[in-house]
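First to last, the sequence lines map onto chains A and B.
Take the first sequence: its position 118, counted from the start at 1, is 1027 in my numbering, and no numbers get skipped.
Take the second sequence: its position 325, counted from the start at 1, is 1326 in my numbering, and no numbers get skipped.
Derived by calculation from the structure, the hints in this document are not laboratory data.
Since this is a predicted model, take the numbers as computed values, not measurements.
Just so it is clear, CB atoms sit at the ideal spot from N, CA and C, and this is done for glycine as well.
Hints should not be assumed to be uniformly reliable.
Stated by the list, open to error - To spell it out: a stretch of chain A is covered by chain B in this simulated footprint if at least three of its residues, at any positions, have a beta carbon under 8 Å from a beta carbon of chain B; those stretches are: (1) 921-927; (2) 930-938; (3) 985-992.
Stated by the list, open to error - Incomplete in silico selection of chain B near chain A, CB under 8 Å: (4) M1385; (5) V1391; (6) V1418.
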Amino acid sequence: MILHRAILGSFERFIGILIEENSGKMPLWLAPQQVAIASIITDANTFVDEIGRKLTEQNIRVVLDKRNEKIGYKIREHSLAKVPIILAIGEQEVTNRTVAVRRLGHKTTETLSLDDLISSLKTDVKAPDQV
Amino acid sequence: MSQITLTLPDGNQRQYEAGISAGHVAMDIATSLGKKAISATVNDVHWDLQWPIEEDCNIAINTMKDTKPALELVRHDLAHIMARAVQMIWPDVQVTIGPVIKDGWYYDFDRSEPFTPDDLNVIEKKMKEIINNRDPIKTEIWNRVQAIQHYQNNNEPYKVELIETIPDNEPLRMYWHGDWQDLCRGPHLQHTGQIPADSFKLMSIAGAYWRGDSKNKMLQRIYGIAFTNKEDLKAHLNLLEEAQKRDHRKLGKEMSLFHMQEEAPGMVFWHPNGWMIYRKLQEYMQRKLDKSGYLEVKTPQVVDRKLWEASGHWDKYQENMFIVEVDEEGAREKRINALKPMNCPCHVQIYNQGLKSYRDLPLRMTEFGACHRYEPSGAMHGIMRVRGFVQDDAHIFCTETQIESETKSFVNLLTEVYQDLGFHKFHIKFSDRPKKRAGADMVWDKAEDALLKATQAANCEYELNPGEGAFYGPKLEFVLTDAIGREW
Chain A
910 MILHRAILGS FERFIGILIE ENSGKMPLWL APQQVAIASI ITDANTFVDE
960 IGRKLTEQNI RVVLDKRNEK IGYKIREHSL AKVPIILAIG EQEVTNRTVA
1010 VRRLGHKTTE TLSLDDLISS LKTDVKAPDQ V
Chain B
1002 MSQITLTLPD GNQRQYEAGI SAGHVAMDIA TSLGKKAISA TVNDVHWDLQ
1052 WPIEEDCNIA INTMKDTKPA LELVRHDLAH IMARAVQMIW PDVQVTIGPV
1102 IKDGWYYDFD RSEPFTPDDL NVIEKKMKEI INNRDPIKTE IWNRVQAIQH
1152 YQNNNEPYKV ELIETIPDNE PLRMYWHGDW QDLCRGPHLQ HTGQIPADSF
1202 KLMSIAGAYW RGDSKNKMLQ RIYGIAFTNK EDLKAHLNLL EEAQKRDHRK
1252 LGKEMSLFHM QEEAPGMVFW HPNGWMIYRK LQEYMQRKLD KSGYLEVKTP
1302 QVVDRKLWEA SGHWDKYQEN MFIVEVDEEG AREKRINALK PMNCPCHVQI
1352 YNQGLKSYRD LPLRMTEFGA CHRYEPSGAM HGIMRVRGFV QDDAHIFCTE
1402 TQIESETKSF VNLLTEVYQD LGFHKFHIKF SDRPKKRAGA DMVWDKAEDA
1452 LLKATQAANC EYELNPGEGA FYGPKLEFVL TDAIGREW
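Here chain A stands alone, though its shape is the one from the complex (with noise of 0.2 Å):
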């Protein structure tokens, strides 16, 4: 006897109900980029490269952004992209080595120092059958 499964169908098929079931808001451990990391002032570059260092590290995977724009313009884009956690680095943030933490679908800001975000972040990325 043979017994032919299958449990997505096809990849294409399932990503494209995925993509609609979440209005392309992927769950964190499917997102293309996990973390977009926008610099507020030009001083503020070397640390959004060592946040992005430090993520990358934990195979997060990030995306920077250090244009010369203004942060409001910034987040609407990695709105747009969908990207789900978005970290504004201004001079605050580089003084005391904090982040703002800007979550997709959220108003609010939160500020975490780095080494907390890292910390939770390690657990947020993983693969449902990997918590």
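Place chain B on chain A using the hints.
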């Protein structure tokens, strides 16, 4: 005249003269029922109230409260009314066909000028006038020669062509909606006033070839949706709006996930963002399968027709296969290959190479198998319905006694995966033998019986889905319900 006995749904029986119409029966049961009746169901056949009943039968009278027949009639009558409205506004337009489809209907017209979105409002207004007129709907059987003559005189060549495709022994049924007539099998409502005028909407205009054949003339198709009350229409319009907001084709562009282009219809160009989702999903599936005792393989894309002949695909599935001819060195004839449309025959090749004994069973062989199937362009939809795709395919080679436990563990695995991916609601359909199939009926009996027993033993609730199995075997389909209630 002979007497016939009609059995009502409550078991009551009534005697009538043969040939009585279903409408008269409804009137006879109660005048109020006769007035609000929309159709009858006679021995499971949807029956026009004007049609005569000649033999003993079971009969139920339908009203607007019977949603299934009501929706069918409302949508079908609106198709006729829309065609009538179009010809009232533009008498030169030629009419063709107008079937009921999911949520509504369409009608194909031949008109030299293109319809515009503004035209839809004009047509809709005219349709509402026709509904408010409460025009009677009448049916007649016509003589074939006269019918062709009638359509020739009225410059309706498409109708003449349609009549020519109807077998000689079939009567030509005609329907009148007021003074407008169309060739139609029916059934229909009693009068146009039975349609709720506030529960339909014309949606869009598209091009469509006459009889779906690109060699024929391009017609203009108008789509409409209809329900039995305005609340349902409103709910459906909201759903469409919600679906449009989350349309994967729109989001795919906004998020730069993928694109498709004319040079490779139905094939996906994955961009880095989309491919990351794909990779993460595949890695997840690989971990799940590894833990569930599956062995992953990889098999060829291009395979000689001989294998497809042996598997039955060449005979039963050829129209969906991409054929690749190759001029092989020194060969007198081209070698005919096909891109694999399914992985099954290739997995069987691996199985045949390596099976030692029954003790090796069950053998769970899995492949992320790239398949190609030719689908008509009209059937394609973004990345959801494509011509090139990768299946998370597996074949479990097992003994008859293992079917039950394998089915059980498969359902468990599937439930875990769906839940991990955020889908908590799904139902199961059991699809049995289709008309076009390979293998003897006895083998089908055995296969259907085995799968059904395993499904029951796994405590799965299921509904029957007759005739929808694959050509090579019966199947269980797992239907997901998404966040806005759509089923996939």
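Going through the hints against the structure:
Chain B is given as covering the region 921-927 of chain A, and this holds because 7 residues of the stretch bring a CB closer than 8 Å to a CB of that chain, at least three being needed. Here the region 930-938 of chain A counts 7 residues with a CB under 8 Å from a CB of chain B, which clears the bar of 3, and the coverage holds. Using a Cβ-Cβ cut-off of 8 Å, 3 residues of the region 985-992 of chain A lie near chain B, which meets the minimum of three, so the contact claim holds. With a least beta-carbon distance of about 4 Å to chain A, the hint placing M1385/B at the interface is held under the 8 Å criterion.
With its C-beta approaching chain A no nearer than about 5 Å, V1391/B sits inside the 8 Å limit, and its interface hint holds. Interface restraint check: V1418/B against chain A, minimum CB-CB distance 5 Å, threshold 8 Å, status holds.
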